[in-house]
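Participant: This is what each chain is made of:
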Amino acid sequence: MYRYDQYDHQIVRERVAQYRDQVRRRLSGELAEDEFRILRLQNGLYMQRHAYMLRIAVPYGLLSSQQLRMFAHIARTYDRGYGHFTTRQNIQFNWMELEKTPEILEKLASVEMHAIQTSGNCVRNITSDQFAGIAPDELVDPRPYAEILREWSTFHPEFAYLPRKFKIAISGAVEDRAATAVHDIGLHVAQNEQGEIGFRVMVGGGMGRTPILGSVIRDFLPWQHVLTYIEAILRVYNQYGRRDNIYKARIKILVKAIGIDEYRRQVDEEWAHLKDGPGTITEEELRRVAAYFTAPAYEALPATDATFEQHKAENKAFANWVSRNVVAHKVPGYAAVTLSLKKTGVPPGDATAEQMEFVAGLVDRYSFGELRVTHEQNLVLSDVKLADLYAVWEAAKSQGLATPNIGLLTDIVCCPGGDFCALANAKSIPIAEAIAERFDNLDFQHDIGEIDLNISGCINACGHHHIGNIGILGVDKDGAEWYQVSLGGAQGNDAAVGKIIGPSFSAHQMPDVIDRILQVYVRDRIEDERFIDTVRRVGVAPFKEYVYATPIKTAHAKGEDAYA
Amino acid sequence: MLNVIKNRAVVGEDDWNLLRLNEGESADTIAVPAGKVVVPLAVWQAQKSVLQARGDVGVWLASDERPEALKDDVASLPIIAVDFPKFADGRGYSIAYNLRARHGYTGELRAVGDVLRDQLFYMQRVGFDAFAIRADRDAHDALKGLSDFSESYQVSWDKKSPLFRRVDRQAVTAK
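Line by line, the protein sequences are chains D and A.
Per this note's numbering, the first sequence starts with residue 1, numbered consecutively.
Per this note's numbering, the second sequence starts with residue 565, numbered consecutively.
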């Protein structure tokens, strides 16, 4: 993985000093809260319902065991013993004291980490494919480009006060595992007919209040030009993006307002002044950065392992876990393991300090000391020998990290919601928990098969509900919490925005609502059809009809939430 | 203007005055005072023939105005200012960058309005060389903001070359 050189260290060190002084000035009253708020947000520090929340950047989701141990240390020393992995591959801590945050940043800097631009109206953490570098369907490893973009976007002087936040995702495989279509800029690394590497560039995708898939602004952008081209996209947006209404300030609104062709024209005009200029990436720079992402010292192994096959044949639980949580690796004899942070009864994405330390030990022993955070809020051990899978499974089980539910109903993607977040209209974690409890039966889950269930506590859509096959959105109606359900959303190559099925439900009705949706699926599916394919084939109508056919019992007359 | 920082030093009060149109005043009819004055773009456009001859008149751009509006004047204007109505309104950064990079302006470029210490480093990078710090703040304190960082990764007006072209960044041992 990438390692800081003296320049990276220096910049991050100077950032800690700058931030420390900003905190000092806030505490002494020199800085008003209005002013400090915008500064601290650029450092990922939010004021939440109960305390400050600190979001730490995990660049494109890649972590070392040493960094994970630092998270455990922070969880234990400065928080309540746990952290929350987010849908943008970052981690956040919910119980921070302002006075301690400079010290935390200093400790993070010692393991080459920071919280720079994890919030605020600036370019955020670049996200990518959790299987980058190892996936059999990968065309080009996106990580060197993600790192080059990380450096370019860090403290970019012109784009720190954009109309709104700006998210870039990059994918290099046939299957888009980085949800690039719902980002402000989505990059697909690709090769053209001459074998040259470049990007298919999408712009103006996003979720939130106005969910929309990105439009292709350029089919093939040679890799050398990615920084200057993105600079042009951002310069146009910085000047013309709306600033009068926070809900209409994302780039997607601008692209929609003037149309992709006009947006492209303006970008090209801007780019004409930058193209082939000094911002053009050099071969040397790409080589320098790519050198950090070379393959670890894999052993030459056969493609299969007899003891692994035997365990699979003899142990149904292990076989289940392998079928759900283990994916193929491009190197024979290896596989990638997803540790589920979606055990029923635990808020999705949460990990305790003990679990983090345990996982750090596991990756040191079995996976070359590195792991990945997924945008579905799980952890990936990217390079495990087939022969070690059984041992990894047994070990992960002991820590509650081996729930064989990756991609299944209870692998719920969920924002922190009203329990923590000051923006939320409704709680989300208790809904996830109620659904997970109701459908805890693994045989049932395996029968239902692949299904993405996403929950957001408000329209900001941190739980990516728009691209959930089943999406749940918390809404506020006259001070009560209600939940709107949508169907048919999807991520990946066939990305789609879900359709709302009808009036919203109370928290208590939600498990029944999901149950009715699944009943329709089981009734109408053809053979091995996945949930999303059934929805696509039959449409939303049969689901809507059945869900609303008879009243669903409510424990409360109103949508009050008694899970609190 | 008060609280001026110029060429990385505190100047304090200087003899440029900033003219803002009050409600009811019109760009066509307002009397531009004698002496060094920085006028709104609309006033400049309305009274250009007279003002241009004076030699002691500069122009300021609001954050929703375009640097192209001054492309024919960049060679002759003694000062251009860009207004930051709120420090979080970042349009002024692109205006400044384009005045320099696209339109070749080489004279004094001054940030006015909600101009504060914690944004100065970015402002100087995109081409500002003068700052009128908000009146209730200490310019000496704000000056420190220019030195928050000693290195930057990317190209802007102050650094024509990105870090990767300027220095030899040897990959450190990855493991």
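Hints are supplied without guarantee of correctness; some may be wrong.
What the hints assert, rightly or not - Quick list of simulated restraints, FRET-style, between CB atoms:
| # | chain 1 | residue 1 | chain 2 | residue 2 | range |
| --- | --- | --- | --- | --- | --- |
| 1 | D | Lys100 | A | Val596 | 50 to 56 Å |
| 2 | A | Gly671 | D | Glu106 | 38 to 44 Å |
| 3 | D | Gly81 | A | Ala573 | 33 to 39 Å |
| 4 | A | Arg584 | D | Leu139 | 43 to 49 Å |
What the hints contain is simulated information worked out from the structure, not anything from laboratory work.
Think of the CB as a built atom: it goes at the ideal place given N, C-alpha and C, for glycine as much as any other residue.
Participant: Evaluate each hint against the coordinates.
Facilitator: Hints, one by one, checked against the model:
| no. | hint | result |
| --- | --- | --- |
| 1 | D/Lys100 to A/Val596: 50 to 56 Å | 54 Å, holds |
| 2 | A/Gly671 to D/Glu106: 38 to 44 Å | 42 Å, holds |
| 3 | D/Gly81 to A/Ala573: 33 to 39 Å | 51 Å, violated |
| 4 | A/Arg584 to D/Leu139: 43 to 49 Å | 56 Å, violated |
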